[in-house]
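Peer 1: Once you've looked at the hints, dock chains B and C against the given chain A.
Chains as they are written, first to last, in the working numbering: chain A, 1 to 100; chain B, 1001 to 1742; chain C, 2001 to 2168.
One or more of the hints may lead you astray.
Stated by the list, open to error - Chain A side only, calculated, beta carbon under 7 Å to chain B, not exhaustive:
{"no.": "1", "residue": "23"}
{"no.": "2", "residue": "92"}
{"no.": "3", "residue": "96"}
{"no.": "4", "residue": "97"}
Think of the hints as simulated: they come from the structure by calculation, not from any bench. Yeah, the Cβ is synthetic: ideal placement off N, Cα and C, and Gly gets one too.
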Amino acid sequence: MVPITYYLLLAAALFCMGMFGVLVRTNALVVFMCVELMLNAVNLTFLAFARMHGNSVGHVSAFFVIAVAAAEAAIGLAIVIAVFRSRGSVNVDDIRTMKH
Amino acid sequence: MDGSLVEFFRTAPIPPEVFSPSLGLIILLPLLGAFVCGVFGKWLGRANVHLVACSAIAGAFVLSLLAFWATSDAAGGRVVSMVNPFGLERDTIRYAIAHDYGTWFAAGDFRVNFGLLVDHLSGILLLIITGVGFLIHLYSTSYMEHDDGYWRFFAYLNLFVAAMLTLVMADNLVLLFVGWEGVGMASYLLIGFWYTDSAKAWAGRKAFVTNRIGDFAFLIATFLLILTVGAFNRQADARDYNAAGSSRARYEQGISQRGPVTFKGLEKMALALPEGTGGAVSLATPIESGPLAGYTFGGVMTAALLLFLLGAAGKSAQLPLYVWLPDAMAGPTPVSALIHAATMVTAGVYLFCRMSSLLVLSPTAMATIAIVGALTSLLAALIAFAQDDIKKVLAYSTVSQLGIMFMGVGMGVFWAAAMHLMTHAFFKACLFLGAGSVMHGNGDETDIKKLGGLWKEMKWTHATFLISTLAITGIFPFMSGFFSKDAIFHGVHHNHLHGLEWVSTFVYVMGLLITASTAFYMSRVYLLTFTGKRSKEAKLAHAHESAWHMTLPLVILAFLAFVTFVYALPLMPRTGGGMQPVFENFLSPVLRPAEAVARAAETVHLDTSTPAVGDYFFAWLVALSGGAAAAFAYLKFFPSRVGQPVPAFARAVRRTAVNKFYVDELYEFIIIRPVKFTAFILFRVVDALVIDTVLVRGTAYVTEKVGLGLRRLQTGDAQAYAAIMALAILGGAVYALLQVLS
Amino acid sequence: MNIELVLFGVFAVMTLLSAGLVITARSPINSAMALVSTFFFLAGIYVLLWAHTVAVIQVLVYAGAIMVLFLFVIMLLNLGDAPHRGKPTVTRLLGGASAVGLLAVLGVTLGRMDAQPARLDAQAQAAFGTMAAIGQSIFTTWLLPFEAVSLLLLVAMVGAVVVAKSRI
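Only chain A is shown next, with the shape it has when bound in the complex (with noise of 0.2 Å):
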């Protein structure tokens, strides 16, 4: 048997790694890349848990999480597009439009 503590400990280091990324990376595709890191290492421990008590709810969570991933990916890629489009640039140093 596995540890449950050990399936934690790799989620925390992946969603560390996502978190990363996302804090660190340029491009917004990458940043949404590391932000489907984070969202992966959650369902991780969702699933760790589920394990842990025996109970399935954990995985009726992980199943919303990915659900709501594939909308968030969706609309995050439309906004990508079409801000290339009108600027031309995916870099997040270009769009600093977050402000006034």
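Peer 2: Same frame as chain A, but now just chains B and C:
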């Protein structure tokens, strides 16, 4: 009198218990009129505004009549009476109807109800306010016919009537204060009605500010009474409650349901306070706990009553706060008649009559009231000698007459003060309206030296003015003013305040001087205005008589000023044998507790004798001497010396009197200058430096700088925001970990 | 040393390596491919957690649909290698440091924790993580959230079309 007729008058058309829930309508109707005139008046047009305003007051008058009739209901020999909420079940209040509309506001165990009470005292005032008010509304429809602000005028006038009705119908001090402030506001609005003239606007402000001083005292006095009631309730024992015809359970129930400042509750406390009850609480008992701990009940009561005197002095234009009333003549003349002669200024007298049972507990307060009234009255009468403005003379005359009422109240002749209030409302309203009619017919001329000889041209105005002048002076004895004033002076002479016996003699002598002075200046006004030849300086060559809207009220008021003397005649049987004046008998249900308290506390000896024929004759001689002096001076002495210089002494007297005994200048020196200086310092230091520079500009400066600094944080870089979020998450996680580890 | 632990070790190491590649690769294409491999290895981890159904959905939806969408967008925008890695600004340094710090904190916290999987009887073990069990749960207890998610997907679909299309 025919028995069936008596039965008719003793049976109210609407039974009291049916009518009492509708008491609020008496206030609501003028309020509605004010709303309609004020909001839709311009759109409705002149005639409709007249209709709405007058019919609102007429409706209120009819309702007041029904209410008054209901209070006198004695159908089948059973007198209308209500259970006193503060007394035992068997302890009923006769000749009164009341309705409690429930809690107005409550805070902790303090509560104020919207309760209305009509007894014979407030009933008579209801009739005066709505009756005289209606006549003055009618008069105003003609008087204000050329004014564009007519709708504003009638809205304010209706508002005033509503507030005044609230004042007299309130069954507790707080609701009375609402009316008190309401009439003050309406008065301010109407004095400054022609606000484009800055002098008139200032007169309104002067009235308002002067009244604020009095209102402040009124409020503090109310707070003192609330604390006193609380202390009384904690300390009283069964004998105290027994003396008041109550019990602890009933009294506490009354307080929890009606609040501590209802007049009936205060009356019960007054009944329990005299020494003779043998209870735990008397006037000399110190209050044990609370903010007033250490002071005696009697001391607090005296302080509260003196503060009420200051409040009443503001509203009723007594020393030292009378200065606003003469300036208040800047308002339209009907306003002067209604507010500054007939109703509002008598609010102080009404207040003391309403609280008569408390007042008789304190001879000090009573003596102060009487002396203040006497001094005010004489001072105002002397100032009136040399005023040439007809309205100013009448204004000072009002101050003087109010002083007489205060003398009556102060010496415990409450019924006579209330009666003088009523007769004064009639003849002074008539005089003011007559003055307005004179002004209306003479191109707004107010200087009596530039009038003269009007008796031929303004017959109705002249006749009514003459009757009213005779009524106020008492030169012709069978007039209301003669009897009501004489009733006051007789009572003043024969009542004695315990420990302050000299006051009654002093006030009585002052009263005689006032009577002579009143006769002098009123005769002067009448003679200069209506007799003799028309002045060469007159604005118009020929005066014209006013329309019927104006003369009809004059005639009615003059008639009332004449006939109401009947009330002072001793026609009713007294309970202890003998006869008593009609009005005293009429008000006895209201004033009986005060008499009981005075008897028990032995603070004031209330005389019940009626004046003999000799007393009347003496009073008549005094008045006649004043009138004769005026007649001699203005018919013989001055006309014969035309062209010659006026004697030096006359000029000196006149200069002092014209300058109103330099009272305004005294105020300027004692109060206004120091206040202005303080205000200047406050303006420079507090306003300009602290508020403007440090607080206002300083706040803006700091905000701006902080904002400029914070602006650097808003880079628009989403990643930077996310980095800050990450930092915050890290901080939270570290904190949680440290909490777990430690 | 049992086979489960060995498998976990292999999958975990591969997952972390792939994830590291995602955040370090210069080209978005390389990142995307590394992400696909991360998802596959994660699916293996899910199976070790007896979450077969979720593992299947992970492969179908994530590695299949979502990643294809990413690749499509990358191709559509014709993005090449990043010309530079981006300046190491203060906020980037702070953000990176806080991510590392969070990992340290979480590592310390989880290291103090001793969590073991639940011991299930044979019947429960047979039902755990099956499509039937999850479907039972979703369509009874979690029906309202399920419907809400379907609405969310509809909105996302419409929104994506509105945002991305230049002319509608």
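Peer 1: Against which earlier hints does the structure fall short, listed by number upward?
Peer 2: Violated: none.
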